[in-house]
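Chains A and B, in that order, give the protein sequences.
Following this note's numbering, the numbering of the first sequence begins with 4 at its first residue and continues without gaps.
Following this note's numbering, the numbering of the second sequence begins with 20 at its first residue and continues without gaps.
The hints are simulated quantities; they were obtained by calculation from the structure and are not laboratory data.
Yeah, the Cβ is synthetic: ideal placement off N, Cα and C, and Gly gets one too.
Do not take every clue at face value.
To be verified - Restraint-style ranges between C-beta atoms, simulated for each label pair: (1) 102(B) / 132(A): 40 to 50 angstroms; (2) 180(B) / 69(A): 31 to 41 angstroms; (3) 125(B) / 122(A): 27 to 37 angstroms; (4) 21(A) / 28(B): 25 to 35 angstroms; (5) 9(A) / 123(B): 26 to 36 angstroms.
Claimed, not checked - Computed list of lysine-lysine pairs in BS3-like fashion (alpha-carbon distance at most 30 angstroms, straight line): (6) 297(B) / 99(A); (7) 146(A) / 91(A); (8) 29(B) / 105(A); (9) 82(A) / 115(B); (10) 99(A) / 115(B); (11) 36(A) / 116(A); (12) 191(A) / 36(A).
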Amino acid sequence: MSKKPYKLEARNLNAFYGGFHALKDINIAMEEKAVTAFIGPSGCGKSTFLRTLNRMNDYIDGFRVEGDILLDGRDIYGKDVRVDELRKEVGMVFQKPNPFPKTIFENVVYGLKIQGIKDKKVLTEAAERSLRQTALWEEVKDKMDKSALALSGGQQQRLCIARALAISPSVILMDEPTSALDPISTAKIEELIYELKNDYTIVIVTHNMQQAGRVSDQTAFFYMGELVEYAKTKTMFTSPKHERTQNYITGRFG
Amino acid sequence: MTNSDKNRLKDKAFQVFGIFCTFIGLVVLAIFLIDILIEGISRIDWDFITSLPSRRASRAGILTAWAGTLWILGLTSVIAFPLGIAAGVYLEEYSKKTKLANFLEINIANLAGVPSIIYGLLGMEIFGRILGLGGSLLSGALTLSLLILPIIIVTTREAIKAVPRSIRDASYALGASKWQTTWNQVLPASFGGILTGIILSLSRAVGEAAPLIVIGALAYVPFVPTSPTDEFTVLPIQIFNWTSRPQADFLVNAAAAIIILLLITFILNGIAVYLRSKWQNKVKW
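This is chain B alone, in the form it adopts within the complex:
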């Protein structure tokens, strides 16, 4: 066997191995999805979506849970986006490359890897106790904002970095200030990337239960929150609560709620993919 034959064989072997690995991931995911669908799909109807929670499984619904999830999504967006994008723009465009900046950079990247329950503890202490927000929507949204800020900052920076130097040069050479250049050229050109990061960070926030449980979000909320200072629950907490009940009917409820949660996540991811491809087509260098 010649060397080139060997290489070709290795190439083939790796290809087969790669296909195998891909399949394991897909098959596990498929089994999980099918299992959940079989168990929960028949439970989903209009009543399930519009009913308040109840001690009886057959009458319990997820109205307060998805309303809470939407509230949290909205509030978290309003808090985290401007902060994260501004921080990313500052770090990438304005800050001098000093040791301090370097230190900040490494730590922001590290923060993205901190377990979410740690953020929950931090949120409970600062927002819940010191600021006196307790287990309110605002407290939860602030906590989740902290959780996703590092992700937004990092993706914003990556998106901004991808804008070629030559575009900035062109803008500066025409007399534009740093801000005008950032606002008119850099942000529009990197908007697709920033938006993708934002939506993916939101779809992470939407699935979090642990930090919200820590700050005191409730499993049983008999009303739909109407203001940011109201107490709340979210879908993951509702699911967690139902799966810990002994009755089998509640497990069916949990499966149904999981389907709704997955739906929200898929929609968010779908929007991210759509926006990314749309902006990629629009901006070519």
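Chain A on its own, in the form it takes in the complex:
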């Protein structure tokens, strides 16, 4: 057992898209201030599971979940939970960098502005803080009022991470955050993940085995909607318990 407390926990979680059973009886507990990686072949349910953690699937017609997901011991699908409050706590970074077609500054402070914060000083400070956290500050400090779309792909993705950090979440979900980036930008993001785990709980979906091995503390292997194996990353990559995990990790299928 780990000494750190559990930040996120799924208990008997089932998810459905209409009649399709996408997640089957998932039980998993993720540690606080650690990186958990989800791996598995396409369509295995890892992204679906990631998106249930901040309820991003709510807007999909016909999607429903059964079972519990606990954030700090509280069921996030409970009746008293407001989705916007949940998402302030659980931020998300997407596969393709998706900055808003606005200025860099507007991108970073968007989350704060929609909470009703208008104080220019508060916004400016928050923008600088989160851009420093993502090592983007020096690169963009002179062009805060330029369009975010003029940045390179890697910079855009770091901007998206800064944007997520600006509203001070405790959990950050990353859905294949480097799959659209070149190796150098990828390395920067991975470095960043390593630093961020001092303060945040990070859950990352990745198709890249090496990446999972490099950045994560725990790894979960999904297959056909089931959680096949969940263990310390080192353990999983050196001595997986299940044959399927072994085959996937060594590249024999997937």
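Following the hints, complete the assembly by docking chain B onto the known chain A.
Just chain B now, kept in the frame of chain A:
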């Protein structure tokens, strides 16, 4: 001859055919424009634009007609834009994809193809008689609003649909509500497209005579309307009226009025093109 030679020949043939078709359209339009210009341009002067209608062709002007047209444009905008945009946003962002929604969707698209005179009859009955607005500006603007609503709804939806899913995701993931996402991200990003649709629908409304004649807009209005409940005429009705007179001088007046009407339409279309290119440059994915 090899196959690839044949294909190249076909390619060439289609190209020539395409150029020919394009030219037919342009030539007809050019002949029409030149004819109208030759006939009407000399009649346009300050007096023509600022004079009231008259039974004598040489003294008749289009003041009441273009004033009526501007009134109708303004009122129609105020009525149709909020309704059309709101309906488009609702259908695209909020409504669940049920059978009813599907049914509504198909019918809205169909409504855009209903002949305008049918809208005139509807407007006459509902706004003119039941609401007692008669042949007033308000009655006319409401009728034209019905006419262009389907166009605005359809173009609004298309513009909203073009905003990538990823932008909405980003906004939701930061804790934004549906409304905040729509207002802060989706509408600004689709504004260029929506505006283009709006202006093109207006330039359609500006050329309509039939529905307004049905609701009782007059050909002879000896005063400039000052409130939405006043009776009115518009340029197309004035033109229609003049072309049906036997005297040749009135035909010249009609040609001159057509030039003014075309000018208004071209300006509206020009604004639409300008806005579209401006917003396209600003928003790139």
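Cross-check of the supplied hints:
{"no.": "1", "hint": "102(B) / 132(A): 40 to 50 angstroms", "in the structure": "holds, 44 angstroms"}
{"no.": "2", "hint": "180(B) / 69(A): 31 to 41 angstroms", "in the structure": "holds, 32 angstroms"}
{"no.": "3", "hint": "125(B) / 122(A): 27 to 37 angstroms", "in the structure": "violated, 49 angstroms"}
{"no.": "4", "hint": "21(A) / 28(B): 25 to 35 angstroms", "in the structure": "violated, 52 angstroms"}
{"no.": "5", "hint": "9(A) / 123(B): 26 to 36 angstroms", "in the structure": "violated, 47 angstroms"}
{"no.": "6", "hint": "297(B) / 99(A)", "in the structure": "holds, 26 angstroms"}
{"no.": "7", "hint": "146(A) / 91(A)", "in the structure": "holds, 27 angstroms"}
{"no.": "8", "hint": "29(B) / 105(A)", "in the structure": "violated, 47 angstroms"}
{"no.": "9", "hint": "82(A) / 115(B)", "in the structure": "holds, 22 angstroms"}
{"no.": "10", "hint": "99(A) / 115(B)", "in the structure": "holds, 27 angstroms"}
{"no.": "11", "hint": "36(A) / 116(A)", "in the structure": "holds, 27 angstroms"}
{"no.": "12", "hint": "191(A) / 36(A)", "in the structure": "holds, 20 angstroms"}
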